[in-house]
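**Student:** Each residue of the sequence shown is one higher than the last, beginning at -15 in the numbering used here.
The hints are simulated quantities; they were obtained by calculation from the structure and are not laboratory data.
Bear in mind that the values here come from a model prediction, so they are computed numbers and not experimental data.
Hints should not be assumed to be uniformly reliable.
[Said to hold, decoys possible] With a straight-line Cα cutoff of 30 Å, these simulated DSS-like cross-link-like pairs (lysine-lysine) come out:
#1 K137 to K18
#2 K108 to K163
#3 K9 to K(-5)
#4 K18 to K42
#5 K163 to K145
#6 K3 to K18
#7 K137 to K163
#8 K42 to K9
#9 K12 to K163
#10 K3 to K42
#11 K42 to K12
#12 K(-5) to K12
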Amino acid sequence: MEAEEYNRRAKEMVDYITKYLGSIKDRKVIPEVKPGYMRELLPDAAPSDPESWDTIFKDIERIIMPGVVHWQSPHMHAYYPSLTSWPSMLGDMLADAINCIGFTWASSPACTELEMNVMDWLCKALGLPSFFLHYHPDSVGGGIIQAHSSVEKAGLISLVKIRFLPTDEEFSLRGDALKEAIEEDRRMGLVPFL
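All chains, please: the whole structure from these sequences, using the hints.
**Tutor:** Structure (C-alpha cells):
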C-alpha cells in the first residue's frame, strides 16, 4: 500500500468506525460464538500472496465482528462505562503515525515533555504535594506511579513477586514505607524494580 491508497483507505476506515460506533447499540454486546469459531473461517496457513485490502476489509464483519465484545455499547454495563472517545481515536491515529518511542528525553523530547507537563496537571488536579511536580523548586524529579490490576496479573503470569505496600490514612504511599520495603527486599536477596 502506498500513500495515495492509504489516504483513500483511511477515509474508508474512518467511515466504517463512525458507522460502527453510531450503530453499536443495535449489536449484541456479548458474542454468541464458541471457542475456536475463527479456525473454520481462516485458512490453515497464512496466504503466500497478499490479499487485496477489499478482501481484508470484508473480513472485519465476516470474521472479526462476530467474536467482538462491544465494550463501547450503551448496553454494556460491566467493568468500564466507556473506553474511548472521538478525540482519543484521532490522537491514536496521530500517535500511530509518529510511532514515538518514549524511552528517554533523547529518544523523543516532545513525548517526554508532554508527559511531564500532563503529569504535573494531574498532580495539581489530585492535590498532591508540590514535590511530585516536575516543574517546581521543591521537585526531586516529579512523577506519579500508578498501577492497574493488570500489573498484578502480569506479575503472576511472569512469575515476578509482587509486594503490596501499606498506605497512610489518605491512601498515599509514603517514602519511608517504600524505603523500608526496598531495604528489606534487598536483605532477602531480592532486586526491587518498577
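**Student:** Under the constraints set out in the numbered hints, which ones does this structure not fulfil?
**Tutor:** Number 9 - this is the single hint that the structure violates.
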